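Undergrad: For the sequence shown, this note's numbering assigns the number 1 to the initial residue and increments by one for each residue that follows.
Calculated directly from the structure, the hints in this document are not laboratory data. Note that the structure is predicted; figures quoted are calculated from it, not measured. Be aware that one or more of the hints could be misleading.
[Said to hold, decoys possible] No more than 20 Å apart at the CA atoms, straight line, and that leaves these computed lysine to aspartate or glutamate pairs for EDC-like:
no., residue 1, residue 2
1, Lys109, Glu39
2, Lys109, Asp31
3, Lys109, Asp38
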Amino acid sequence: MPVSARSRVLPALVGLPPLLFALITWQVVADGPLAGVDERLSGALVHPDRFSELLSDLGNVQVAVPVLVVALVYAAWHGRASGVDRWWVPPLAGVVAMALVPALVAPLKEWTDRPGTPAVPPATGYYPSGHTATAVVAYGTATLLLFPLLRSPAVRRTLVVLCAVLVLGTSYGLVRRGYHWPLDVVASWCLGVVLLAGVRLVARRTPGGGRTPAGVSRSRRRSSSGTPSSSNGPS
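Produce the entire structure from the sequences given, and follow the hints as far as they go.
TA: Here you go:
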């Protein structure tokens with residue numbers, strides 16, 4: 001896709017999740033038709049079992065955040081060792097994104113005051129899903145930071161697939177176990193995408209941007225910097 005076309009498409013794609021989140025939130029707060037469909041869908045999907053509970057645990061802070069921490073440490077180490085300017089900025093963006101999850105989700109839970117499914121004890125504050133948001137941001141940020149550091153296309157594809165499996169597995173487990181309504185999960189996808197877009201934007205605008213392939217040293221970059229190449233233009 002040409003750069004000019006991509007520059008128009010990407011903002012549109014990033015703008016869709018906030019709009020969808022606003023629509024879902026409105027329907028949940030107003031108990032609209034979409035919320036009714038959500039409740040009927042949940043009734044058809046809920047079937048608590050051990051497997052769904054284990055999948056939902058992938059969104060626990062104790063599980064997802066350590067994975068993110070490992071990725072943050074490795075990305076910071078690699079950037080510093082490669083001599084990338086402001087190597088600490090992308091990992092810091094990941095930390096901020098993860099910290100924003102509870103900062104955004106907790107007030108929304110209190111404001112919407114949505115009750116849980118019949119599969120959980122009577123309570124409120126289930127919208128949006130904190131476990132889903134945690135999984136999206138933790139596993140997604142880890143993927144964004146590690147992806148440019150991998151040389152093998154096969155390994156890169158595996159990383160992306162693994163991220164998708166972890167997020168979708170968490171989401172399925174939460175709905176199947178009855179811990180959340182489906183819309184709770186979809187709304188957290190939207191929040192997570194917005195936070196990941198911020199991490200991606202910061203990483204791309206950072207000198208080096210985490211885009212240097214693994215194994216390329218600073219001296220090698222200096223020696224090749226004056227050689228014209230078609231890859232020097234915008235990607």
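Undergrad: Confirm or reject each hint.
TA: Here's how the hints hold up against the structure:
no., hint, in the structure
1, Lys109 - Glu39, "holds (18 Å)"
2, Lys109 - Asp31, "holds (15 Å)"
3, Lys109 - Asp38, "holds (17 Å)"
Hint compliance for this structure: no hint is broken.
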